[in-house]
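Going line by line, the protein sequences match chains V and F. For the first sequence, our numbering begins at 1 and goes up steadily by one. For the second sequence, our numbering begins at 1001 and goes up steadily by one.
Take these hints with a grain of salt, some might be off.
A short list of chain V residues far from chain F (calculated; beta carbon distances all over 10 Å) [what the hints assert, rightly or not]: (1) Asp68; (2) Asp73; (3) Ser78; (4) Thr84; (5) Ile126; (6) Leu159; (7) Tyr170; (8) Arg177; (9) Arg188; (10) Ala190; (11) Leu192; (12) Thr216; (13) Leu217; (14) Arg259; (15) Glu265; (16) Ala298.
Reference excerpt, derived from the structure (chain F facing chain V, CB under 8 Å, subset only) [to be verified]: (17) Arg1093; (18) Gly1160; (19) Pro1162; (20) Ser1172; (21) Pro1641.
By construction, these hints were calculated from the structure, which means they are not laboratory data. Each residue gets a CB set at the ideal place from its N, CA and C atoms; glycine is no exception.
Here is what each chain is made of, one letter per residue.
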Amino acid sequence: MPAPSTIVDAASTLILGKRSRIELALTCLIAGGHLLIEDVPGTGKTTLAHVLARLLGLDFRRVQFTSDLLPADILGVSVFERETGAFRFHPGPVFTQVLLADEVNRATPRTQSALLEAMEEHQVSIEGETRPLPEPFFVIATQNPASQIGTYPLPESQLDRFMMRITMGYPDPAAERALLTGHHGRDRLAGLVPLADAAALTGWRAQAESVHVSETLIDYVQALIAHTRAGGTYRLGLSPRAGLALLAAARARALLQARSHVLPEDVQAVLPAVALHRLPRFDPADSQDEAARLLLQAVALPV
Amino acid sequence: MKWWRNRTTGHTEDGPPLDARRIAWLTAVAACALLPHASHLPGWLDAVAILLFTWRVAQLQLRWPGVSGPVKLLVVVACCAGVTLTFGHLFGREPGVALLALLLVLKLHELRSGRDGHAVVLLGYFMLLAAFMYSQTPAMAALLALSMTVITAALIALTGPPAPVRVLLHQSAWMLAQALPFMLVLFVLFPRVPGPLWGLPLDAYGSTSGLSDNMAPGSISQLSLSGEIAFRVRFDGNAPAARELYWRGPVLSRFNGRTWRQGDAARRVSDRPPPLPGAAVAYEVTLEPNSRNWLFALETVSALPAGTRLSDDGQVLSGEVVRSRRRDRFESILSTRPGDAERSDSLQAALQLPATGNPRARELAHRLRTQAGTPDATVDAALALFRREPFVYTLKPPLLGTDGMDEFLFDTRRGFCEHYAGAFVFLMRAAGVPARVVTGYQGGERNSVDDYLVVRQSDAHAWAEVWLRGEGWRRVDPTAAILPSRVERGLADMAAGEPVPFVARVDAGWLRSLRHRWEATNNAWNQWVLSYDQQKQLELLSRLGMPAPDWRSMTIWMASLCALLALVLTAWTLRRTTPDDSLAQAWLRIDRTLRSSGLGREPWEGPMDYATRIASVRPDLANEVSHACRLYADARYGNAPHAPAVRELRASARALRRKRTPPTS
Chain V
1 MPAPSTIVDA ASTLILGKRS RIELALTCLI AGGHLLIEDV PGTGKTTLAH
51 VLARLLGLDF RRVQFTSDLL PADILGVSVF ERETGAFRFH PGPVFTQVLL
101 ADEVNRATPR TQSALLEAME EHQVSIEGET RPLPEPFFVI ATQNPASQIG
151 TYPLPESQLD RFMMRITMGY PDPAAERALL TGHHGRDRLA GLVPLADAAA
201 LTGWRAQAES VHVSETLIDY VQALIAHTRA GGTYRLGLSP RAGLALLAAA
251 RARALLQARS HVLPEDVQAV LPAVALHRLP RFDPADSQDE AARLLLQAVA
301 LPV
Chain F
1001 MKWWRNRTTG HTEDGPPLDA RRIAWLTAVA ACALLPHASH LPGWLDAVAI
1051 LLFTWRVAQL QLRWPGVSGP VKLLVVVACC AGVTLTFGHL FGREPGVALL
1101 ALLLVLKLHE LRSGRDGHAV VLLGYFMLLA AFMYSQTPAM AALLALSMTV
1151 ITAALIALTG PPAPVRVLLH QSAWMLAQAL PFMLVLFVLF PRVPGPLWGL
1201 PLDAYGSTSG LSDNMAPGSI SQLSLSGEIA FRVRFDGNAP AARELYWRGP
1251 VLSRFNGRTW RQGDAARRVS DRPPPLPGAA VAYEVTLEPN SRNWLFALET
1301 VSALPAGTRL SDDGQVLSGE VVRSRRRDRF ESILSTRPGD AERSDSLQAA
1351 LQLPATGNPR ARELAHRLRT QAGTPDATVD AALALFRREP FVYTLKPPLL
1401 GTDGMDEFLF DTRRGFCEHY AGAFVFLMRA AGVPARVVTG YQGGERNSVD
1451 DYLVVRQSDA HAWAEVWLRG EGWRRVDPTA AILPSRVERG LADMAAGEPV
1501 PFVARVDAGW LRSLRHRWEA TNNAWNQWVL SYDQQKQLEL LSRLGMPAPD
1551 WRSMTIWMAS LCALLALVLT AWTLRRTTPD DSLAQAWLRI DRTLRSSGLG
1601 REPWEGPMDY ATRIASVRPD LANEVSHACR LYADARYGNA PHAPAVRELR
1651 ASARALRRKR TPPTS
């Protein structure tokens, strides 16, 4: 079983200057969570999803969400076959290991919730029959925050289903220069060799679950959660589900760093991605980075 | 990815710039600091302050434009002129406080940097202090304590990281609570000087309604009684019955046909009352300021406190005018008379009448005297006359003309205690019995909460004294002959329909008990806080076992107690923040070592991030620090055993202490 960091190294050669985002995305997948990538078009959201799926050796399907997309377009539909005289189920794109839901906020709430049920339950119910989804099953959804006309923004309760929300951001000048001069195209994606498989991912997940979490660290996580609930800054504090997700993500990151225990730095590294989309703020004027800084600096580490 | 590294706060020399949140706090400071002053500042200034304040809030909330410089200048000039017009000058306490209030609101319109914020906070504190120069009631103290909490919270908000309002208020209240024990120690032990250090509040000087040194019943058509407290009394044992409580005030012996005034005897004083037979009642009187040198004691006083004197006609006088609340101990013997030794000129004065006027009254007096024979019998005959004829006690008597006594005795027959006392003394004098009017207070109301007897201005009373050979001065209360309940049960029990002052009514039982409770609180506050003077301090300290405390021993005690308190608080805080485990202590030792070179760990910074940061600023310490951080992280967050880590951490703290001197730059 390869070390998970080899995936990060390989992906970094393809997506330049985004090592921290690749780490977060892989952390999310190891922790078994779904990922929401939010950024303007052309920043490599789809590429990131594609590369990760390919390197992990997972099935990959992509669905472009539009306003006329119906639940059946995602889940699948039963079709009457004249030869057999019976209905046969044609599985939709959701029956895959990695589903890229592109521009998830363009679809109607009805379609969104069909996807979100699949995310939560790892199964779909079609025509009264419950069908399990393949394992592992990840949804990587992308969202374009710039153009909000004709979109249905995900409500807070559904944002909570995503373990992490990350942004890609523009590459730094050096990475952009390398991107422009080199030939890092989609053609190289095709030639990508898988470095791991579904079994390896399951193994990592088991390893992550056995990463040691000390009492002091639990104290710290509790202090962070308590701060968000103490009132004043946030309209709503972090839920217990968010607390669990925070700890799971911190464990996965510790594994990614090849450490046998979780450090506060792990929590701090994943906290903005795990927490900020679940924390509606009273005064959303600050940038995401500023919001993350305020949250982290407000809580002292237990000694 | 260290987002907190590139924080862009515009720290200048004046401190951080003020954001909307801090400005909101500062407006709260102004509101809290000005509210206690609203009642005594001139109305127009209140209006200006409210206008400027509202404008600032609107600017903050509704994005109104700011007040421009010329307008501000205009406001300042106009208000200075206004203050000069209102108070007559621009200096002194009143105009000074008014100007400060104005400056405080104007400062809200000039908040540029952190320093302006601190100026507002300091001005706010000062305004709170100044409020005590106007009122020192418990309600005011409570209001100021609340305001103090808000202002301190604003100070925290000004300097600290952003936090919710509730958290800041809680923190501020907690800080002030920690200051409380120090305040108590300083209050109890700070050496007092006799007399006020600085100006007392105005309400201490306030001219209070009370007795006066003359009495002209004929010219009063409506007696308005005030519920204000004249004095409070605590008896050593049980309080005597209400009908025996005659608190003696000025004695009026000169009569000009209309007005009664004090005679010469009032000006002759002695230091010591004549010895009297009988059992004495001891009590303590807390007198409200009355702007006179009158003290009030029960008839007949037998022991005086030092510094007070007794006039020849039996009134207790203090050396100086009573401008602030004072407390005196007296002893009185209720059932005795001083004897018939009296100066002849005093007796002569007690027979003085105008040469003419009131013929019918004089004639009545002669008839009474001839029918009765002895002076003793004349007194009884006159009282019987008051009882027999249809005299009415009322607080709304008709006005009387030139021959007031005649009109009262024969025509109107309506009046209150002054009418009866005056008429009785007139009759006695006309009948050849020496007599004089005594004013003072009668009765009082026992407060069931603190057992003080409260005597109000509405308990003011006038009665008579006649001099009888062999007996001396005898108290005669003609009002008691008309309306015995006035003397036995107080004013509250008066005939229905009379305008009894609201506070004296008996019917509203719960209201009365509420009032008793409130007055008891006020009294406790007065007794223990406001009148805590040198004498009271000495008393308390010697009761606590400090014989003959002087300012030196008090200062030593004060310093030691404060130091002890500080130690206790520090120990307590340390116990709360320092976990009782050696790993944490070893880690904190590393932190302290580096902190003294300006390399301290931020509270939220993880150990490995900290090591990385130190390595980038002090490469010479990189190895030591990252080794220590790894040791700590492995032991605290991993499964590494604590004991060896603690040993190594201590060693590395020592090593760091040797190496930490900052590089010369």
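Q: Quick one: work out the minimum CB distance from Ala298 (chain V) to chain F and report holds if it exceeds 10 Å, violated otherwise.
A: Its Cβ does come within 10 Å of chain F, the nearest being 7 Å, so this is violated.
Q) Taking the closest Cβ pair, is Pro1641 (chain F) under 8 Å from chain V? A) violated, 13 Å
Q) Does the no-contact call for Ala190 (chain V) survive, Cβ to all of chain F over 10 Å? A) holds, 31 Å
**Q.** Claimed clearance of chain F by Glu265 (chain V), with the beta carbon kept past 10 Å
**A.** violated, 4 Å
Q: Determine whether the non-interface label on Tyr170 (chain V) survives the test: each CB of chain F must be over 10 Å from its CB.
A: At roughly 15 Å from the nearest Cβ of chain F, Tyr170 (chain V) sits farther out than 10 Å, so the non-interface label holds.
Q: Decide, holds or violated, for the assertion that all CB atoms of chain F are farther than 10 Å from the CB of Thr84 (chain V).
A: The claim stands: Thr84 (chain V) keeps its Cβ more than 10 Å from every Cβ of chain F (closest is about 57 Å).
Q: Take a quick look at Leu159 (chain V) and tell me if its Cβ sits farther than 10 Å from every Cβ on chain F, holds or violated.
A: Per Cβ check, Leu159 (chain V) is outside 10 Å of chain F; nearest 21 Å; holds.
Q: Could you let me know if the closest chain F CB is still more than 10 Å away from the CB of Asp68 (chain V)?
A: At about 39 Å from chain F, Asp68 (chain V) clears the 10 Å cut-off, so the statement holds.
**Q.** Arg1093 (chain F) as an interface hint toward chain V, with CB separation required under 8 Å
**A.** violated, 41 Å
Q.
Hint validation: Ser1172 (chain F) versus chain V, beta carbon distance must be below 8 Å. Holds or violated?
A. violated, 15 Å
Q. Once the shortest beta carbon distance from Pro1162 (chain F) to chain V is found, is it less than 8 Å?
A. holds, 7 Å
Q: Confirm or reject the statement that Arg177 (chain V) sits farther than 10 Å, beta carbon to beta carbon, from all of chain F.
A: The assertion about Arg177 (chain V) holds, with a minimum of 21 Å to chain F.
Hints 12, 13, 14, 15, 16, 17, 18, 20, 21, counting from the list given before, are not met by this structure.
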